[in-house]
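Chains F and C, in that order, give the protein sequences. Our numbering puts the first residue of the first sequence at 311, with every later residue one more than the last. Our numbering puts the first residue of the second sequence at 2, with every later residue one more than the last.
Calculated from the structure, these hints are not laboratory results. All C-beta atoms, glycine included, are put in the ideal place defined by N, C-alpha and C. Fair warning: there could be bad hints in the mix.
Using C-beta positions, here's what the derived DEER-type ranges look like [stated by the list, open to error]:
#1 Leu-425(F) - Trp-276(C): 54 to 60 Å
#2 Gly-382(F) - Phe-426(C): 35 to 41 Å
#3 Ile-350(C) - Arg-429(F): 40 to 46 Å
#4 Leu-244(C) - Leu-338(F): 53 to 59 Å
#5 Pro-189(C) - Gly-331(F): 56 to 62 Å
Here are the simulated DSSO-like pairs of lysine-lysine, each with C-alpha atoms no more than 30 Å apart in a straight line [stated by the list, open to error]:
#6 Lys-370(F) - Lys-394(F)
#7 Lys-394(F) - Lys-339(F)
#8 Lys-402(F) - Lys-339(F)
#9 Lys-211(C) - Lys-423(C)
#10 Lys-211(C) - Lys-394(F)
#11 Lys-370(F) - Lys-423(C)
#12 Lys-237(C) - Lys-423(C)
#13 Lys-370(F) - Lys-402(F)
#14 Lys-370(F) - Lys-365(C)
#15 Lys-370(F) - Lys-460(F)
#16 Lys-370(F) - Lys-339(F)
#17 Lys-370(F) - Lys-82(C)
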Amino acid sequence: MTVRTFMTTDPVTLRADDTVGRATEIMLKNRYLILPVIDVEGRYTGVFDMWDLLALLLPKAATLDHLVPGLGFLADDLPGLQQKLRDISDQKIGPLARPDLPILHPEMSSVESLLLFYRNRSTLPVVDEATGRLVGVLSYWDALAAISGKKA
Amino acid sequence: MIESASAVWFGWDPFWISTLILIITYAAIISERVNRAVVALLGAGLMILIGVINQEQAIEGEDFNTLALLIGMMILVAIAKRSGMFQYLAVWSARVSRGQPWALLALLSLVTAVVSAFLDNVTTVLLIAPVTLVITEQLRIPPYPFLFTEIIASNIGGTATLIGDPPNILIGSAAGLSFNDFVVNLTPVIIIILVLQIAINHAIWGRQMKGDPEARARVMAFNAGEAITDWALLYKSLLVISLVVLGFVTARFIGLEAGTIALAGAALLLLLDCWPREREAQTHRLNEMFAEVEWVTIFFFVGLFIVVAGVEHGGLLNWFADEVLSLTGGDLTTTAIAILWASALLSAIIDNIPFVATMIPVIKNMAPTFGGPEGLLPLWWSLSLGACLGGNGTLIGASANLTVAGIAERAGIPFRFLTFLKFAFPMMLMSIAVSTIYIYLVYLS
Chain F
311 MTVRTFMTTD
321 PVTLRADDTV
331 GRATEIMLKN
341 RYLILPVIDV
351 EGRYTGVFDM
361 WDLLALLLPK
371 AATLDHLVPG
381 LGFLADDLPG
391 LQQKLRDISD
401 QKIGPLARPD
411 LPILHPEMSS
421 VESLLLFYRN
431 RSTLPVVDEA
441 TGRLVGVLSY
451 WDALAAISGK
461 KA
Chain C
2 MIESASAVWF
12 GWDPFWISTL
22 ILIITYAAII
32 SERVNRAVVA
42 LLGAGLMILI
52 GVINQEQAIE
62 GEDFNTLALL
72 IGMMILVAIA
82 KRSGMFQYLA
92 VWSARVSRGQ
102 PWALLALLSL
112 VTAVVSAFLD
122 NVTTVLLIAP
132 VTLVITEQLR
142 IPPYPFLFTE
152 IIASNIGGTA
162 TLIGDPPNIL
172 IGSAAGLSFN
182 DFVVNLTPVI
192 IIILVLQIAI
202 NHAIWGRQMK
212 GDPEARARVM
222 AFNAGEAITD
232 WALLYKSLLV
242 ISLVVLGFVT
252 ARFIGLEAGT
262 IALAGAALLL
272 LLDCWPRERE
282 AQTHRLNEMF
292 AEVEWVTIFF
302 FVGLFIVVAG
312 VEHGGLLNWF
322 ADEVLSLTGG
332 DLTTTAIAIL
342 WASALLSAII
352 DNIPFVATMI
362 PVIKNMAPTF
372 GGPEGLLPLW
382 WSLSLGACLG
392 GNGTLIGASA
402 NLTVAGIAER
412 AGIPFRFLTF
422 LKFAFPMMLM
432 SIAVSTIYIY
442 LVYLS
């Protein structure tokens, strides 16, 4: 069993010129935690996930390692957060795409993909090695369903 | 010097070979191609291997008091900072300044300087600068002036006490100067320099910055108490830190070195912190704390002490002391002022730790000219003021400067060498000018 046999083809993706606002919409509507980002030719460039989105809402310094122990001293400020969400919603996804997540290849073995799920705790993109195009995504739900013989 | 000469390889002259090793070590440290701790340890190994000094002389060269003081303070800070007490101080400053940027700028300088007088400068800015970024973002004001003044204040504050900056630890340990000696002799001039510095910061940045009322309201709503993450640990830390400072102040009277006091304090705080935990959790916690000791710095010192012992035995430092004295005509005033300015200018460019470690035996060698160890006091204070304050001259002048620049760049705030230099270098010259007047009036006239 290889990655190709149980990956989700034709996944929901973001394009480099999509906005953070659109990513937020997709995530909220589908409860997706992570979205692959592709360029105009359909090549995979990285991912944009829930934690990247949350980081944009937080004070920048608070997201650097653990240099700031906590933000408990800030007063609750829902209007401020709402304003911040509006401020970032026009930002383009392209520069925000994170290329550091490992990628799967269609011919990879299922055990190898399990190990990568275990290590990264995230849905992973499946990329064709020759063309660099995104051919699908694989989630741990897909993997578990395939192994148990039940539908995800 | 003589007894080791016969042991040197091929009968090489220990003077020249030790000088060569020192120059190569310095060059390698400056080039930053290899970590400075590795360079210093290699230089130390060479000194012994080639036979400039033997192993016993190498061990005699180690200043265990300095090592103990550094390690002890690093452990104390590693534990105490987990209580959130330093973040509390920054948040408290924001509250007290009522969100007025000019007041915040002055207050954060003051807090940074005071904290830095008791902690390592790098640790201080690592604790204060990130919270500063959060606060300035809330206030919607540019963070650069704040980060800049925190660098300057940390280097100024660090000069004020025995434990504030590694050069002072080195000088205090080697010259037998106590915590109180530093407080009595250096703290007054540091207060003057800090006040001037805060006034200059205000003139350049503070008076122009305006906080909009909405942003100020956000700061007024800060709850500083929430910045404390562990109250029990806060009380334990404050108790032990008070005991350690009490120990420093009474060190002469109780006959203990600062290193002994700091390490004993560290052990006590480790005990208080570990006591309530299960045995395995204790081991885990202990590993975490020990990992926070900056071993690179410690091993850098370990190697450096041996390299300096090598050039001392080789005769270089004695020769250099004679040269300096012949240049200054053996005049105490000229020598003190020359040391002050040379230390400041050199420390703005190179790491002040190897410089001070090398200068200490040089100054000790001058004792006969100035009527014994007592006569050297103005020279020790000149070395300390020059080496510590000189670090403010450029962005690479002190580790705290680079630490802040690193945090700023990662937070998306450009921190450039020349931009920093434009204000920092004249400010450094101001502090050295004030130090010159102080040294002259108090010790030389």
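Results of checking the hints against the structure:
no.: 1; hint: Leu-425(F) - Trp-276(C): 54 to 60 Å; verdict: violated, 41 Å
no.: 2; hint: Gly-382(F) - Phe-426(C): 35 to 41 Å; verdict: holds, 40 Å
no.: 3; hint: Ile-350(C) - Arg-429(F): 40 to 46 Å; verdict: holds, 45 Å
no.: 4; hint: Leu-244(C) - Leu-338(F): 53 to 59 Å; verdict: holds, 54 Å
no.: 5; hint: Pro-189(C) - Gly-331(F): 56 to 62 Å; verdict: holds, 58 Å
no.: 6; hint: Lys-370(F) - Lys-394(F); verdict: holds, 12 Å
no.: 7; hint: Lys-394(F) - Lys-339(F); verdict: holds, 20 Å
no.: 8; hint: Lys-402(F) - Lys-339(F); verdict: holds, 20 Å
no.: 9; hint: Lys-211(C) - Lys-423(C); verdict: holds, 24 Å
no.: 10; hint: Lys-211(C) - Lys-394(F); verdict: holds, 21 Å
no.: 11; hint: Lys-370(F) - Lys-423(C); verdict: holds, 27 Å
no.: 12; hint: Lys-237(C) - Lys-423(C); verdict: violated, 43 Å
no.: 13; hint: Lys-370(F) - Lys-402(F); verdict: holds, 18 Å
no.: 14; hint: Lys-370(F) - Lys-365(C); verdict: violated, 49 Å
no.: 15; hint: Lys-370(F) - Lys-460(F); verdict: violated, 43 Å
no.: 16; hint: Lys-370(F) - Lys-339(F); verdict: holds, 27 Å
no.: 17; hint: Lys-370(F) - Lys-82(C); verdict: holds, 21 Å
The structure is inconsistent with the numbered hints 1, 12, 14 and 15, although it conforms to all the rest.
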